[in-house]
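Q: Start from the sequences and build out the full structure, keeping to the hints where you can.
If you're matching them up, the sequences are chains V and A in order. The numbering used here puts the first residue of the first sequence at 5, with every later residue one more than the last. The numbering used here puts the first residue of the second sequence at 48, with every later residue one more than the last.
Hints may be right or wrong, so weigh each one.
[Claimed, not checked] DEER-style ranges, computed between Cβ atoms:
#1 V:Ala19 - A:Ala438: 45 to 55 Å
#2 V:Leu160 - A:Leu237: 40 to 50 Å
#3 V:Val12 - A:Val355: 50 to 60 Å
#4 V:Asp124 - A:Asp277: 23 to 33 Å
#5 V:Asp53 - A:Val487: 27 to 37 Å
#6 A:Asp277 - V:Glu256: 54 to 64 Å
#7 A:Ala438 - V:Thr215: 53 to 63 Å
#8 A:Leu508 - V:Asp54: 28 to 38 Å
#9 A:Leu508 - V:Pro310: 41 to 51 Å
#10 V:Leu307 - A:Leu298: 29 to 39 Å
#11 V:Phe321 - A:Phe241: 24 to 34 Å
#12 V:Thr290 - A:Tyr325: 48 to 58 Å
#13 A:Arg424 - V:Asp124: 31 to 41 Å
#14 A:Leu298 - V:Pro310: 29 to 39 Å
[As the list claims (entries may be wrong)] Quick list of in silico lysine-lysine cross-link-like pairs, BS3-like style, CA-CA up to 27 Å:
#15 A:Lys427 - A:Lys275
#16 A:Lys120 - A:Lys275
#17 A:Lys274 - A:Lys102
#18 A:Lys427 - A:Lys120
#19 V:Lys320 - A:Lys120
#20 V:Lys58 - V:Lys128
#21 V:Lys128 - A:Lys120
#22 A:Lys120 - V:Lys58
#23 A:Lys102 - A:Lys275
Calculated from the structure, these hints are not laboratory results. From a predicted model like this one, the values you see are computed outputs, not experimental measurements. Glycine included, every Cβ here is placed at the ideal spot set by N, Cα and C.
Next come the chains, spelled out residue by residue.
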Amino acid sequence: MTDPLLLVDAYLVDALPEIWFGVVMFALAMYLTLDGFDFGIGMLYATRDDEHEKETFLTAFGPVWDANEVWVVAFGTMLLAAFPGVYSRVLADHYLLSIGFVLALLFRGLGPEMREQRDDERWKRYWDYSFVGGSFLAPLLFGTLAGRWVFDAPTLSLPALLTGVGLVTVSVVTGAAFLTAKTGSQLALDLRRYGIVATLAYLIGVVALLTTVVVTDTGGAADTVLSLPGGVVVVLSVITAGAGSVLALRGEYRAWLASALALPALLSLLVALLLYPTIYPPTGLTVREAVVSPLALNLVTILGFPALLLVLWYFKFLYGVFSGPVEGGGYET
Amino acid sequence: MSLTALPGALSPGLTFLLSPELASRAQFGWTISVHIVFASLSVGLAPFIVYFTWKDVRTDGEQFTRLRSFWVKVFAAGFVMGTVTGIPMSFQFGTNFPQFAEVAGELIGGPLAFEAKMAFFLEAVFLGVLLFGRERVSDRTYVLSSVLVGVGAWLSAFWILIVNAWMQTPRGYEMVMRNGMEVAKLTDPLAAFFTPRMTWMYVHMVNASVISVALLVAGVSAYIVWKKRDAATWNTALRLAVLVLLVTAPLQAVHGDAYGRHVAETQPQKFAAMEAHYETGTADLHLLAFPKGVDAITDPKAENLLTVSLPGVGSFLASGGDFDAEVLGLHEYEENPPVAMVFWSFRFMVGLGFLFIGLALWGGYLVYNGRLSESDRFLKTTIAASPLGYAALLTGWYVTEIGRQPWVIQGELKTSEAVSSTLTGMEATLTLVGFVVIYVGLISVALYVLRWLVRDELRELGVRVSDDDRWYGPVPKVTRDD
Chain V
5 MTDPLLLVDA
15 YLVDALPEIW
25 FGVVMFALAM
35 YLTLDGFDFG
45 IGMLYATRDD
55 EHEKETFLTA
65 FGPVWDANEV
75 WVVAFGTMLL
85 AAFPGVYSRV
95 LADHYLLSIG
105 FVLALLFRGL
115 GPEMREQRDD
125 ERWKRYWDYS
135 FVGGSFLAPL
145 LFGTLAGRWV
155 FDAPTLSLPA
165 LLTGVGLVTV
175 SVVTGAAFLT
185 AKTGSQLALD
195 LRRYGIVATL
205 AYLIGVVALL
215 TTVVVTDTGG
225 AADTVLSLPG
235 GVVVVLSVIT
245 AGAGSVLALR
255 GEYRAWLASA
265 LALPALLSLL
275 VALLLYPTIY
285 PPTGLTVREA
295 VVSPLALNLV
305 TILGFPALLL
315 VLWYFKFLYG
325 VFSGPVEGGG
335 YET
Chain A
48 MSLTALPGAL
58 SPGLTFLLSP
68 ELASRAQFGW
78 TISVHIVFAS
88 LSVGLAPFIV
98 YFTWKDVRTD
108 GEQFTRLRSF
118 WVKVFAAGFV
128 MGTVTGIPMS
138 FQFGTNFPQF
148 AEVAGELIGG
158 PLAFEAKMAF
168 FLEAVFLGVL
178 LFGRERVSDR
188 TYVLSSVLVG
198 VGAWLSAFWI
208 LIVNAWMQTP
218 RGYEMVMRNG
228 MEVAKLTDPL
238 AAFFTPRMTW
248 MYVHMVNASV
258 ISVALLVAGV
268 SAYIVWKKRD
278 AATWNTALRL
288 AVLVLLVTAP
298 LQAVHGDAYG
308 RHVAETQPQK
318 FAAMEAHYET
328 GTADLHLLAF
338 PKGVDAITDP
348 KAENLLTVSL
358 PGVGSFLASG
368 GDFDAEVLGL
378 HEYEENPPVA
388 MVFWSFRFMV
398 GLGFLFIGLA
408 LWGGYLVYNG
418 RLSESDRFLK
428 TTIAASPLGY
438 AALLTGWYVT
448 EIGRQPWVIQ
458 GELKTSEAVS
468 STLTGMEATL
478 TLVGFVVIYV
488 GLISVALYVL
498 RWLVRDELRE
508 LGVRVSDDDR
518 WYGPVPKVTR
528 DD
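A: What follows is the structure in structure tokens.
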């Protein structure tokens, strides 16, 4: 062994495989939360006709979406680094969904950037379609894929599709909360309404999903949902969603944003609870069976964890630079 | 086709469907070819952006503000294209080549995750600041942001090439059984990261990126100068690009020569394919090769070619000094890469490399005489050469990647074994067609955007440009609020 700093035959700490399962789920939560509000902005964008309001939306979206989107790459590559068998099977077994998702991301990302390149009605309209369509399809397909993964259910099944719909609606909630906190007055009132309706839709979706899963016991998920931790997460989601709506109605937008951002995080927590100790239900593979050897995991821990902390720090910097309300055409300083 | 044939056409297993393996390879090859152009644009343009931003902040004149703003726009468009085409790349390891991802996971997963965490995030976060934050951060933070975007791009290439170099010259692992599958287990991280190929590849790739961007900058500048001779800003940019080429183009040739020797040592089969060397024995070096007929294009054998060759120099290069050294021929191997593609790609790349050196020397001579903007011939040649850096870069990659076939991990795993076993020809063909259509659209959009940026710049300079630059796509359905 060339490097005495690394343990070759044992994990740095015994629970390292479980910690990595947590880290991968954390990246998933970051992705669903951060890119989730990007998707929400994209879908709510469809409700705007006024060019000035569109510009306002795009100004809020512009500086952060790209960095947010990278969390899906972080999620995927960390899954590959720690659990290569899971990464390859999840993607290979859901071929069209995965490719559809990345293509939806492609259209979502190009839309706003290309739109700004030319002052031409038709050109802009096309890219608006691209932006809205991608922002709707990406969470739908990603959610459906996640539903298939977690519940071992076919694409056209209630558990898979409801997970997709759940992700779409929760994205609208976070998108509306983010935009409301970023814009003023009339627009905020309008967005607030969409946010509350979406919250309701999300709650109905989650309840329908869990009922379906419990009643049919899809992928043996009933036990988890009815267990104490599962129940706590579900109840917390309902309380958070309800409290968020009340805060929104009272005009406490920053608090609403905070509670809204907790929803996708709670959803990811539920995903983690539903999976563990299994990590790929279709084959029954557990975290311990799927994890890479000690040396490889120790290495990605020692090099990767500091990098991850650094990433979190410069995300703080980014959101600091672009904090505060936005009005069409640029940030107010 | 008659209507009666249709039901047959819709059933699976049809002849027009490609096999999952062929479709997957074509799809990966196509998507990476598009991605690599945008990714290397970021790598190559980064130093220019840093320089322009630094000069802009340091000097009062408006020259560098213009250059910074123009090239940051190009960078931003390129970066978005790079991001949206890059995400499908990382997914395709899983969707199309899951056996590869599973076998090599311990070795490639770490570097790919580091790329996301150390490089991709860095680039994305600080590009946000660079694009939208001019008025929101201090000069120092602004210049620092441009540097960090550049560092991100170069680090990104570093981690990605660690993965690719490992696939060419795998080290630092042993094969073990896991979950019923033989997979590579990491045994020595340093050996696995810094494989023999790594530094060769990194220097060659980064330099190729800089050369390609220098040619692009030179071409765009030459076009604007050609339209308006006294555009001081663009004369500066043209001069800068020529100077960059004067250093980088010859360096690439010298480095490439040594790189070739390294390939001969570590991947003799690829080296033989590059020279279409079939019979084991002394190898000649074909400096120039022309096909005698159509056959020679698809099957380049010495007897089918008119060549200008240096006898024994192939042996000399491969062995490091012996003209009579025996070089293994392609006949020694059971399965070979498509020789024609490797052979001709290699010649194309090398030929273009020498062309770039010539162009750099010509431009350098004109700079020395202070006549850079006067020579119509030079300006026109430079405009014509602006996409050629990417042509060389792509053919170079074809030599590297196609030359490694039939292996995906040299000597360890064949590409045919890496392809998904659950993938159907229908799915694979469908997504391949999708990627081809969408990426062709993407490339046209990128070219449109570049054209518009150049036209805007010309208008700024007071050059009359026709208004013929509207979007001529089909008209979308008009809604009531129009």
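Q: Does each hint hold? Answer for all of them.
A: We went through each hint and held it up to the structure:
Remark: the range hint 45 to 55 Å for Ala19 of chain V to Ala438 of chain A is upheld by a beta-carbon distance near 52 Å. About 49 Å separates the C-beta atoms of Leu160 of chain V and Leu237 of chain A, a value consistent with the hinted range of 40 to 50 Å. For the pair Val12 of chain V and Val355 of chain A, the beta carbons lie near 54 Å from each other, so the given range of 50 to 60 Å is met. Checked against the hint of 23 to 33 Å, the C-beta distance between Asp124 of chain V and Asp277 of chain A comes to roughly 31 Å, which is consistent with it.
The given range of 27 to 37 Å is respected by Asp53 of chain V and Val487 of chain A, whose C-beta atoms sit roughly 32 Å from each other. Taking the beta carbon of each, Asp277 of chain A and Glu256 of chain V are about 60 Å apart, inside 54 to 64 Å as hinted. Between Ala438 of chain A and Thr215 of chain V the beta carbons are some 59 Å apart, a value that agrees with the proposed interval 53 to 63 Å. A hinted range of 28 to 38 Å holds for the C-beta pair Leu508 of chain A and Asp54 of chain V, which are about 35 Å apart.
At roughly 48 Å, the beta carbons of Leu508 of chain A and Pro310 of chain V sit within the given window of 41 to 51 Å. Distance hint check: the CB atoms of Leu307 of chain V and Leu298 of chain A are about 31 Å apart, consistent with the given range 29 to 39 Å. The hinted window of 24 to 34 Å between Phe321 of chain V and Phe241 of chain A holds, with their beta carbons roughly 32 Å apart. A beta carbon spacing of about 52 Å between Thr290 of chain V and Tyr325 of chain A agrees with the range 48 to 58 Å that was offered as a hint.
Distance hint check: the CB atoms of Arg424 of chain A and Asp124 of chain V are about 36 Å apart, consistent with the given range 31 to 41 Å. The supplied range of 29 to 39 Å is met by Leu298 of chain A and Pro310 of chain V, whose beta-carbon atoms lie about 34 Å from each other. Restraint check: the Cα-Cα separation between Lys427 of chain A and Lys275 of chain A comes to about 14 Å, which is no more than 27 Å; the hinted pair holds. For the given pair, Lys120 of chain A sits about 22 Å from Lys275 of chain A by alpha-carbon distance, which is consistent with the 27 Å threshold.
A hinted pair counts as satisfied when its Cα atoms are at most 27 Å apart, and Lys274 of chain A with Lys102 of chain A qualifies at roughly 25 Å. Distance restraint check for Lys427 of chain A and Lys120 of chain A: the Cα-Cα separation of roughly 24 Å lies within the 27 Å cut-off, and the hinted pair is therefore satisfied. For the hint linking Lys320 of chain V to Lys120 of chain A, the alpha-carbon distance of about 25 Å falls within 27 Å, and the restraint holds. With a C-alpha separation of about 11 Å, the suggested pairing of Lys58 of chain V with Lys128 of chain V holds against the 27 Å cut-off.
About 18 Å separates the Cα atoms of Lys128 of chain V and Lys120 of chain A, which keeps this hinted pair within 27 Å; it holds. Restraint check for Lys120 of chain A and Lys58 of chain V: the C-alpha separation of about 21 Å stays at or below 27 Å, so the hint holds. Taking the CA atoms of Lys102 of chain A and Lys275 of chain A, the gap is about 23 Å. The hint holds against a cut of 27 Å.
Violation of the numbered hints given earlier is absent; every hint is satisfied by the structure.
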